[in-house]
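From first to last, the protein sequence lines are chains A and B. Going by the working numbering, the first sequence opens with residue 1, and the numbers climb by one from there. Going by the working numbering, the second sequence opens with residue 1, and the numbers climb by one from there.
Among the hints, erroneous ones may be present.
No farther apart than 30 Å at their CA atoms in a straight line, the calculated lysine-lysine pairs in the DSSO-like style are these [said to hold, decoys possible]:
(1) B:Lys-240 <-> A:Lys-205
(2) A:Lys-278 <-> A:Lys-205
(3) B:Lys-240 <-> A:Lys-142
(4) A:Lys-282 <-> B:Lys-10
(5) A:Lys-282 <-> A:Lys-205
(6) A:Lys-278 <-> B:Lys-240
(7) A:Lys-205 <-> B:Lys-5
If you want the footprint, here are the derived chain A segments under chain B, 3+ residues with CB under 8 Å [unchecked claim]:
(8) 62 to 71
(9) 85 to 95
(10) 149 to 161
(11) 190 to 201
To give an idea of the interface, some chain B residues facing chain A are shown, with a C-beta separation under 8 Å as derived from the structure [stated by the list, open to error]:
(12) Phe-29
(13) Ala-34
(14) Ile-122
(15) Gly-197
(16) Leu-201
(17) Arg-202
(18) Leu-220
For the record, the hints were derived by calculation from the structure and aren't laboratory data. As the structure is a prediction and not an experimental result, all values here were calculated from the model. Ideal Cβ positions, reconstructed from N, Cα and C, are used throughout, including at glycine.
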Amino acid sequence: MAQPRGGMVENRPIGNFVAHAILIVGVAIVAFPLWVTLVASTLSFDDIVHVPMPLLPGSHGASNYYHALVAGSERGSSAPVDRMLLNSLVVAVSVASGKIAISIISAFALVYFRFPLRNFFFWMIFVTLMLPVEVRIIPTYKVASDLHIVDTYAGLILPLFASATATFLFRQFFLTIPDELVEAARIDGAGPMRFFWDVVLPLSKTHMAALFVILFIYGWNQYLWPLLITSSESMYTVVIGIKRMIAGGDAANEWNIIMATAMLALMPPALVVVLMQKWFVKGLVETEK
Amino acid sequence: MAQEKRVVFKSAWLPYALLLPQLAITVVFFFWPAVQAIYYSFQVQDAFGLRTQFVWFQNFAYLFHDSHYLASFRVTAVFSLLVASLGISISLLLATMADHVVRGAVFYKTLLIWPYAVAPAIAGVLWAFLFAPTIGLITYFLRQVGIEWNWMVNERQAMLMVVIAATWKQISYNFLFFLAGLQSIPKSMIEAAAIDGAGPLRRFWTIVFPLLSPTTFFLLVVNIVYAFFDTFGVIDATTKGGPVEATQILVYKVYYDGVQAADLGGSSAQSVILMFIVISLTVVQFRFIERKVQY
């Protein structure tokens, strides 16, 4: 926040009080589910089904997280999620870095070269902005199955590359790089790839960081696609794993383990958002322009 | 392409090589499936997938006479309008307050943006736990004030729960865009109005809100698209479209008919209809932005 308001506009204490009150209520409502999840992840199963459950943490945290992470649930209804967390990490990091890599070179080609069919390729790439993966989910599954990548990392990751947000962002940014830099590079006898490595890449660092944060969250939180493409437990991501833990009946679920798993599933992307807030906000606002 | 570089490099093959990875991915995982979806939507398969028959628009004609499909349209309309309007009004209120306070603004912002990071399916699980019919905390409080809560049988309560979960996740996104919009409004305009004796509410409705209208419109489209597609996880992890199809949004029905019921033709026809909806939303958004945003 650059400059909070106030200043010359009257700063009535009552107005300020109301603003803070509304914000505190808002923050409390937003945080309430997280707090309850955190508390439930430290309680025993009996504490939770004894209505109402306590609102302060209990002493079963270590055991719950141990069961969630490595041992599997006490009643055997769920598998350990350590492998699933690893899968989520692999998917999130690969989707983010892969998408950035293929987008930055294609944006470079579109901005810094003139060649036949350039406009055609431009529209081919940018039309993908229009259709979310959910719309073409079943035919995409068929393609993956023809390519024999069902239930593999390639199958989990590659189809998520097909979107132009990153290409669009890099293209917009490249257009703002002064032409003088290209002229200088050409006078020095530097070719296009030299210019790419020495000038374009270093200048793109902040955009890459911002995109990485957004795409990491996007990859980590994928749901429908991993649900279809994975069939063995060793390929599940943690978001899929947690869904499989919920059997149906509310009191029958092992909520203490489920809530510990939920914390494990939501902490990595939430920490990324909070700790890299600057990049996150930049990435979010710019990719949606 | 609107803008161009004056100075460019020359190479007969390099640009194609640089474009190749993205084009290959786009063709294989975007165009090919999209074309297949259209192709399947004109076909009917028998129950075992052994014989397929080309039937022109029969799948579409059937859909528009199918009361389940029409009900799913209504459900989607109600769901997305509730999610968009609730999310936008709550975020606008919070962003206006965060823009107003002098102290603690960064603190509030940090505490309001993290739900963006929560997967929709996880958001659904958290709220399903709070609203669980026998053990849920909110269910308990509601019972104390005489409201019997069970979303597993009550259709309205199921809808309300998925709306709350979906909105909760989206507030942070809307909040950030409103805050950015508010901070770009020239302070002098607000001060001029204050000098003219306009109170805070009047200033908001006559100056701030109109200046925010491009942001609001943008968020309206984004929120509707979000409610149409990204909320699949919320639904699938909680109500699974139930009870009695009360929360079966269109994208859930595409999945259910295509994957669970193995009706490839019908599901593909629904995908094609969804494609048209998203494309028209995007076109509306682009045309609006072209006209309105250069102020």
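Pair hint Lys-240 of chain B and Lys-205 of chain A, alpha-carbon separation not exceeding 30 Å:
violated, 42 Å
Claimed coverage, the stretch 62 to 71 of chain A by chain B - three or more beta carbons nearer than 8 Å
Result for this restraint: violated, n = 0.
Taking 30 Å as the top limit, are the C-alpha atoms of Lys-282 of chain A and Lys-205 of chain A close enough?
Since the Cα atoms of Lys-282 of chain A and Lys-205 of chain A sit roughly 13 Å apart, the hinted pair holds (cutoff 30 Å).
State whether the coverage of the stretch 149 to 161 of chain A by chain B holds or is violated, taking the criterion as 3 or more residues with Cβ-Cβ distances under 8 Å.
holds (count 3)
Do the alpha carbons of Lys-282 of chain A and Lys-10 of chain B lie within 30 Å of each other, as the hint requires?
Violated: Lys-282 of chain A and Lys-10 of chain B sit about 33 Å apart, past 30 Å.
Is Lys-205 of chain A close enough to Lys-5 of chain B, meaning Cα to Cα at most 30 Å?
holds, 21 Å
Interface hint outcome for Ala-34 of chain B [beta carbon to chain A under 8 Å]:
holds, 5 Å
Arg-202 of chain B was flagged as interface toward chain A. Is the shortest Cβ-Cβ separation under 8 Å?
Not OK, violated: Arg-202 of chain B not within 8 Å of chain A, min 13 Å.
Holds or violated: is there a CB of chain A closer than 8 Å to the CB of Leu-220 of chain B?
violated, 13 Å
Do three or more residues from the stretch 190 to 201 of chain A put their C-beta atoms closer than 8 Å to C-beta atoms of chain B?
With 4 residues close enough to chain B, the hint holds.
Does Gly-197 of chain B pass the interface check with chain A, least Cβ-Cβ distance below 8 Å?
violated, 11 Å
Double-check Ile-122 of chain B for me: the hint is only fine if its C-beta lies closer than 8 Å to a C-beta in chain A.
holds, 5 Å
Checked against the numbered hints given earlier, this structure breaks hints 1, 4, 6, 8, 9, 15, 16, 17, 18; the rest are met.
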